[in-house]
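Here are the chains, one letter per residue:
There are 2 protein chains.
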Amino acid sequence: MTENSGPRAVLIASGGMDSTVTAYDLAARGIGVTLLSFDYGQRHRVELEYLEKTAARMGVPHERVDLTGVGRLLAGSALTDASVEVPDGRYSDVSMRATVVANRNMIMLSVAAGLAVARGAEIVAFGAHGGDHVIYPDCRPGFFERLNGALLTGNEGFLVDEFRLEAPFLNGTKVDIVRRGHQLGVPFELTWSCYRGGAVHCGTCGTCSERQEAFALAGIVDPTRYAAPAGAMVAR
Amino acid sequence: MTENSGPRAVLIASGGMDSTVTAYDLAARGIGVTLLSFDYGQRHRVELEYLEKTAARMGVPHERVDLTGVGRLLAGSALTDASVEVPDGRYSDVSMRATVVANRNMIMLSVAAGLAVARGAEIVAFGAHGGDHVIYPDCRPGFFERLNGALLTGNEGFLVDEFRLEAPFLNGTKVDIVRRGHQLGVPFELTWSCYRGGAVHCGTCGTCSERQEAFALAGIVDPTRYAAPAGAMVAR
Chain A
4 MTENSGPRAV LIASGGMDST VTAYDLAARG IGVTLLSFDY GQRHRVELEY
54 LEKTAARMGV PHERVDLTGV GRLLAGSALT DASVEVPDGR YSDVSMRATV
104 VANRNMIMLS VAAGLAVARG AEIVAFGAHG GDHVIYPDCR PGFFERLNGA
154 LLTGNEGFLV DEFRLEAPFL NGTKVDIVRR GHQLGVPFEL TWSCYRGGAV
204 HCGTCGTCSE RQEAFALAGI VDPTRYAAPA GAMVAR
Chain B
4 MTENSGPRAV LIASGGMDST VTAYDLAARG IGVTLLSFDY GQRHRVELEY
54 LEKTAARMGV PHERVDLTGV GRLLAGSALT DASVEVPDGR YSDVSMRATV
104 VANRNMIMLS VAAGLAVARG AEIVAFGAHG GDHVIYPDCR PGFFERLNGA
154 LLTGNEGFLV DEFRLEAPFL NGTKVDIVRR GHQLGVPFEL TWSCYRGGAV
204 HCGTCGTCSE RQEAFALAGI VDPTRYAAPA GAMVAR
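Residue numbers (this note's numbering), protein chains in the order written: chain A, 4 to 239; chain B, 4 to 239.
Bound-form chain A, shown alone (with noise of 0.2 Å):
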């Protein structure tokens, strides 16, 4: 069965680990994958050019959305106002919600569906993980469920069949991610996670933590550079 034949994929995609590894996931499964990026005026835009990077070495289609004027237009978030700091440190309920963009993820999961639709591809993707459950709502899978009740029944007559929304790794954690990215050898330092889009990695903000622990609890060689000496995390 050739890319083509099999199911299609619209996935959102960062550049970073979470999409990354759902790509190639996706793609060992049969899946034929298009990368949907969105500029929001992210202050780690820097990201997107390491989803660049996957999309060339995968070798396939990549979109990106202009969508600063939602970011604009929702600012008060530390992910795009300048004014608001990144926190430092492990997630938590309470640093973490300066990095909540208002409905964000619906807002990325309705315009991949709209291309999904658009295109007839039968798949929405999404990376989400356990871990992001705590801290983001829209991570959750009863917002999931719902979404996808929703989409079902508002875009009844022009869908594919078998059209759904679908996040492998939903009721996964990210050390199972970064496991399921080893076993199918995705090139991890072509992936970007740091919140403070800086030369490197930070490696103390909570994505830099998170991403430090999950390779340490995998097992599996971190080739990251942080800017941060490696274990600073664990002294706090």
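If you are wondering where the hints come from, they were derived from the structure by calculation, not from laboratory data. Don't be surprised by glycine CBs; every beta carbon is placed ideally from N, CA and C. A portion of the hints provided could be inaccurate.
Claimed, not checked - Reference excerpt, derived from the structure (chain A facing chain B, CB under 8 Å, subset only):
hint, residue
1, VAL73
2, ASN106
3, ALA121
4, GLY123
5, PHE146
6, ASP164
7, GLU165
Unchecked claim - Non-contacting residues of chain B with respect to chain A, defined by C-beta distances greater than 12 Å in every case (computed):
hint, residue
8, ARG122
9, GLU169
10, TYR229
With chain A fixed as given, assemble chain B onto it according to the hints.
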């Protein structure tokens, strides 16, 4: 009660009759309205100038968001793609399918919800009515129920009390909208319906036909100037 102390709504507004009457209806109920419009490359972009007139007349804020990148991505609809003809005639299942932009309302409502969440507004409002149900699956009550559920779940912990989607005419008709607008003194001449987006309403496309019919059935004089002679629709 001043406008500021009451509930607040973010209304997705097009400059058409339905959303304009919805804006006046919300305001009449003491709700502070913010109009939110989208430039998605629609050929009837003139509607946005009409919306600006309504915002000025009502003295309410109007936010316009550039979604032209999304419009380009989802091209293929008669509304955004100049190579697709706008169909003439009444709304009907076959001819009007060309005017469907994939998942459009979910995309717009998602952005509106993001703005409502970011600003602590209680209501995301929409001017859909019963006459839209036949053609547009994303104007049907079942879609709104599911989307409302997804919004409440996906933004859990970030919502003000009584956050909700509201579409006051969802179970009504366009005739009800004309009657309510007339009752509220809505200046219908400041609204735009025509999908062709010429200098005046064409009088023959689906929305022009629907507009003329609604005024006729409501028994209210239609102040709109049409390019085609009045009654052209009836002759078909």
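Cross-check of the supplied hints:
1. VAL73: holds, 6 Å
2. ASN106: holds, 4 Å
3. ALA121: Check passed: Cβ of ALA121 of chain A comes within 4 Å of chain B, closer than 8 Å.
4. GLY123: violated, 10 Å
5. PHE146: With a closest approach of 4 Å, the PHE146 of chain A hint holds.
6. ASP164: violated, 16 Å
7. GLU165: Nearest chain B Cβ about 17 Å off; hint violated.
8. ARG122: Check fails; 9 Å does not lie beyond 12 Å.
9. GLU169: The claim stands: GLU169 of chain B keeps its Cβ more than 12 Å from every Cβ of chain A (closest is about 16 Å).
10. TYR229: Nearest chain A Cβ is 31 Å from TYR229 of chain B, so the label holds.
Checked against the numbered hints above, the structure violates hints 4, 6, 7 and 8; every other hint is satisfied.
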